[in-house]
Amino acid sequence: MIAVIDYGVGNLFSLGCSFKAIGADAVVTADPKVIRDAEKLVLPGVGAFKDAAKQLKESGLDLVIKEECAKGKILMGVCLGMQLLFDKSFEYGEWEGLSLIPGEIRPIAERIPEGLKIPHMGWNALSMKDHPLLKYLPDPSHVYFVHSYSAICREEYVIASTEYGADLTAAVAKGNILGCQFHPEKSGERGLDILRAFCELKEEDLC
Amino acid sequence: MITKRIIPCLDVKDGQVVKGVNFKGLKTVASPVDLAREYSKAGADELVFYDITASAEGRKLFTDILKKTAANVFIPLTVGGGIGTLDDFDRVLKSGADKVSVNSGAIRDPGLISKAAKLYGNQCVVLSVDIKRVDGTFRVFAKGGREDTGLEAIEWIKRCTGEGAGEVVVNSIDTDGVKKGFDLEMLDAVCNAVTVPVIASGGAGCIEDFITLFKTLPKVDAGLAASIFHFGEVSIEDLKKEMAREGIPARI
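Protein chains in written order, with our numbering: chain A, 1 to 207; chain B, 1 to 252.
Worth double-checking, as some hints may not be accurate.
Cβ pair distances, simulated, as ranges [as the list claims (entries may be wrong)]:
1. 50(A) - 109(B): 26 to 36 Å
2. 20(A) - 109(B): 50 to 60 Å
3. 136(B) - 92(A): 39 to 49 Å
4. 60(A) - 118(B): 47 to 57 Å
5. 193(B) - 72(A): 52 to 62 Å
No wet-lab data here; the hints were simulated from the structure. Where is the CB? At the ideal position from N, CA and C, for every residue including glycine.
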């Protein structure tokens, strides 16, 4: 069973429905026991980093997530949920994340030429590395992005990037910890392909 | 590179899709959920659902359709029509909408956009404007294009994006339903005034109209249309292929 972690940030309706559409056994939950019993975890999120990090901490779910991940449980962060996996974000200040992947979240505006619109919103192509999460994606694959900040981390953790005036981090992996900056639940068939691959992942695939 | 979006718009009344010419003479097409699924398969990049019902039963029916669509179609959904309060935002977002478009609601309550943007983020708030030329100026019209508000359109759009609208749908009443092409002059004026994505609406009659739009105005991010897609006059698949052939970034 997959637990989609509901910590009061954002709309989980579509994410729940997309897992249902591919026949996966997924529940949207805030219950620590269900999260501990789940085989895999999804950390969603939209909105501001500061608020989301605060909600996670206040609910105590940050510790549950860290403990489960330390045991090797597979976790995928989506959009802001992916940004929360890193050490810190510089969105309107400086805020601590979960530190599951070394790196930080910085404004896209620092890196792209002037004149390009922010947020980076719409369908953009992925440039992919070989990774089991991406195994069903043809090249090129377009996915749906909405973000104004992006992850800066060591190249070895980046499994997909996208070009928007600069190469932006689109998907990351560090062992059992995975993340997508884009929205797989809003990326049509390609998005469902990623969720299918996620459902099939085994811990030993990710060593 | 980010692709140009093609967006079919579904005007929904009492559970059915309708499309009027110049906002009058409504004509019924098919079930919204089926249409949405077909469009998604054909390569639509996003869908707009416009609720043109006034009754409470109609609104409930609309919310049910939205939920059913969101459970089956996994591309971004924008909802508009009758959005006047934060409760309206809440209702459609919980039913599966990703973005909410406000039109007359923002004219009635000028604080709505900033309140919604603070609560849900700018990317969630779409400003939709019906614009018509009056005495050589671009004028904002309300109530489905029936009422001249007296507001100058470019000033209005600048003010709303300044308050947090993350995207603008420009619907030209002058070209809507005429099928002779988008209102390039009006769109150019809007593109030069804002830095948020601009969606062109009103006037598309054939594939060539979209090609002309994106080639003439590279700052336009998306093209929206309704009847030409509903009645099969333009196939989204053919349109996307033609865009790619013309060197316009498109998701195929």
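Status of the hints after comparison with the structure:
1. 50(A) - 109(B): 26 to 36 Å: At roughly 28 Å between Cβ atoms, residue 109(B) and residue 50(A) fall inside 26 to 36 Å, so the hint holds.
2. 20(A) - 109(B): 50 to 60 Å: 37 Å, violated
3. 136(B) - 92(A): 39 to 49 Å: Holds, at about 43 Å.
4. 60(A) - 118(B): 47 to 57 Å: About 27 Å separates the Cβ atoms of residue 60(A) and residue 118(B), which means 47 to 57 Å is violated.
5. 193(B) - 72(A): 52 to 62 Å: Given a distance of about 53 Å, which is inside 52 to 62 Å, the answer is holds.
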